[in-house]
Amino acid sequence: MSRPTSSAVEPRGWTKGLLRANGWLVYAFFYAPILLLVIFSFSDSRNVGVWGGFTLDWYEEFVDSRQTQAALWNSVKIAVVSTAISVVLGTMSALALERFKFRGKQVFDALLYLPIIIPDVTMAVMMLLFFAEFFEVLNAVFGTELRKGFSSIALSHIAFSISFVSVVVRARLAGMSGHLEEAARDLYASRWKAFRFVTFPQILPGILGGALLAMTISLDDVVITQFVTGPGWTTLPVYVFGLIRRGVTPLINAVSVVMLMASMTLVALSLLVERVRNVGTNQRRGF
Amino acid sequence: MTAAVEITGITKRFGDVVAVDNIDLTIADGEFFALLGPSGCGKTTTLRMIAGLEFPTQGSLKIFGDEVGTLPPNKRPVNTVFQNYALFPHLNALDNVAFGLKMQGVKKSTAYSRALETIDLVQLSGMDTRKPSELSGGQQQRVALARALVNQPKVLLLDEPLGALDLKLRQEMQGELKNLQQNLGVSFVFVTHDQEEALTMSDRMAVMNEGKLLQVGTPEEIYEHPANRFVADFIGQTNLLEGRVVDAETVCLSNGARVTGFSDHPVGTEVAVSVRPERVRLGPRGESRPSETEVDGTAVDGATVDAATVDGAAVDGATVDAATVDGARVDGEVESITYLGNARVYRVRFDWMVIEVREENRPGATLHEPGTPVSVSWDPSAVSVVAD
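Protein chains in written order, with the working numbering: chain W, 3 to 289; chain U, 59 to 446.
Worth flagging that the hints you see were computed from the coordinates, not collected in a lab.
Given the structure is predicted, the values throughout are model-derived calculations rather than measurements.
For every residue, glycine included, the Cβ atom is placed at its ideal position computed from N, Cα and C.
One should not assume that every hint holds.
Unchecked claim - Only pairs whose alpha carbons sit at most 27 Å apart, straight line, appear in this in silico BS3-like list of lysine-lysine: (1) U:189 with W:195; (2) U:166 with W:195; (3) W:195 with U:133; (4) U:133 with W:103; (5) U:166 with U:212; (6) W:195 with U:160.
Stated by the list, open to error - Ranges between beta-carbon positions, derived for each pair: (7) U:123 with W:179: 47 to 53 Å; (8) U:278 with W:179: 37 to 43 Å; (9) W:179 with U:431: 56 to 62 Å; (10) W:179 with U:327: 44 to 50 Å; (11) W:94 with U:181: 56 to 62 Å; (12) W:265 with U:212: 40 to 46 Å; (13) U:411 with W:179: 43 to 49 Å; (14) W:122 with U:194: 50 to 56 Å; (15) W:149 with U:129: 51 to 57 Å; (16) W:94 with U:82: 49 to 55 Å; (17) U:181 with W:198: 29 to 35 Å; (18) U:194 with W:277: 58 to 64 Å; (19) U:254 with W:17: 56 to 62 Å; (20) U:167 with W:266: 43 to 49 Å.
Input sequences plus hints: build the corresponding full structure.
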């Protein structure tokens, strides 16, 4: 498993200095904007770029503003629902692709990854058209009054999240020997029990990772959501995007910082889950 | 008595590939049975069909009289020790072993106490809380064994279970497995590509190649009387001398020499005379070997080598000595020696081939240096005539 420590020559002199500088430069490039964003979210000035002393007003406005609160909850609801559904469907498709042979498998495999490759805008236009037509037909046939809103956003998010979940879970499944399931079957487990007691615990980190990815993407999405949203269903990123057009205040900064914190918490959580599991099982893994 | 496993006309195809080709096999209750063959010969597929992990394309498979052809693995009274153990990495040794009992709905406390007993049985006491990754290869192997045995299977299937262990541990486990099998009285079906393992452990064994069953018998039968060239070559070491059947008891070798070799192949069949290296005697040229393994070979049934070497001038090559007392005897020259510790293997060069001779390293054994002119001889009962 462990490779012999490479005997690569440690860079010396100005090479070392340059490499080190490069490293810092990259980090600065990554994190300076974030740092600025955070700092200016506390700025007591209506002008985003001007420091006007420390204040928590913008955070207060974020909490008090009914619009931002509504947008936040819309985002959360959509993220939770779309994640839950796409995790189940994505895991199922990963299992099908990794463990079974069936007719049309390769086509299915290729098609599943399409949402990852297709540009967001294309996907957004596709979805817009689809829901317009689809809801019209449904309304005409069944007399329903479906409109764009929660269902159209959630369905769109599910549509692209399945691919991401499937990719992550599949990677995990590929690292798990199929013999384990055979062993479980040999030890009197039905197919369901073999999944429940052997496969599922093994791929759980992958499922959680996929879920966090799906949730993050759902919380972040602007383009697709903007196309398929309906009255009353503005999500937080879409709302922020709208704010910019109306003139920028540090409120945007505050909202962004909150979103940033949420994302970071999710990522930290996923890392923590991985670590706890690894300490628990103490197992070596290929990835 | 009902057979533990009865396989009749089983064929398994994967697409166009015939993995197992119409085999018949009966494994008795309480038998240690080895399925032996090179990789890809179909032995593992056969085992997996007994386990229910593959379903036969054709044919009948019975376990203790019940047809199980397409019964899923969880409904069969057999358990498997997998090649790479396939222990559940997220469960500790005890939970691994108790898994099968729990799946059968055995009460938790009963399942655990039986699991602990079995862990003791495979000499892993005190290791029950360890995760598989915290166990050595040999210990993992024992957990895998315990995990299967705890269910008291009617047949235990083992897929190259010792393959991943080092030599010393493997030999130790061979003995233990054999003891365990005798004490439990359960049939073990053991897949291996290691002919020595099969010979030493099994009551009976089957040799497979390219999906076909070539020979079934006791290790002795198979070693002494290989059914064909492949079996002779695959089991143990042997010298294969090419030739042609002359009559029921004579084979004419490719150099024209005639040796005694009993066979029921039709006259003219291309055959090989198989002589095991340890059955060949080696002595200084021209001398009759002073022998502890002296046979009272008479010239009559001694495999005599005829005078007619192909190129006539028999100087250093396979010359002929018709009237040897102890069987076939040809002269050659030691080409090289391989020292094995407990024995030496001499490669003796003749002008038409090389014969390997194995001599035990007994005290006082004469060393024949390379280049020494020597004679080799063997008793006619030491050879078997094999065709393709």
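The hints, checked one at a time:
no.	hint	in the structure
1	U:189 with W:195	holds (21 Å)
2	U:166 with W:195	holds (16 Å)
3	W:195 with U:133	holds (14 Å)
4	U:133 with W:103	holds (23 Å)
5	U:166 with U:212	holds (23 Å)
6	W:195 with U:160	holds (11 Å)
7	U:123 with W:179: 47 to 53 Å	violated (34 Å)
8	U:278 with W:179: 37 to 43 Å	holds (38 Å)
9	W:179 with U:431: 56 to 62 Å	holds (58 Å)
10	W:179 with U:327: 44 to 50 Å	holds (48 Å)
11	W:94 with U:181: 56 to 62 Å	violated (43 Å)
12	W:265 with U:212: 40 to 46 Å	violated (57 Å)
13	U:411 with W:179: 43 to 49 Å	holds (47 Å)
14	W:122 with U:194: 50 to 56 Å	holds (52 Å)
15	W:149 with U:129: 51 to 57 Å	holds (54 Å)
16	W:94 with U:82: 49 to 55 Å	violated (42 Å)
17	U:181 with W:198: 29 to 35 Å	holds (32 Å)
18	U:194 with W:277: 58 to 64 Å	violated (26 Å)
19	U:254 with W:17: 56 to 62 Å	holds (58 Å)
20	U:167 with W:266: 43 to 49 Å	holds (46 Å)
Going through the hint list in order, the structure does not satisfy hints 7, 11, 12, 16, 18.
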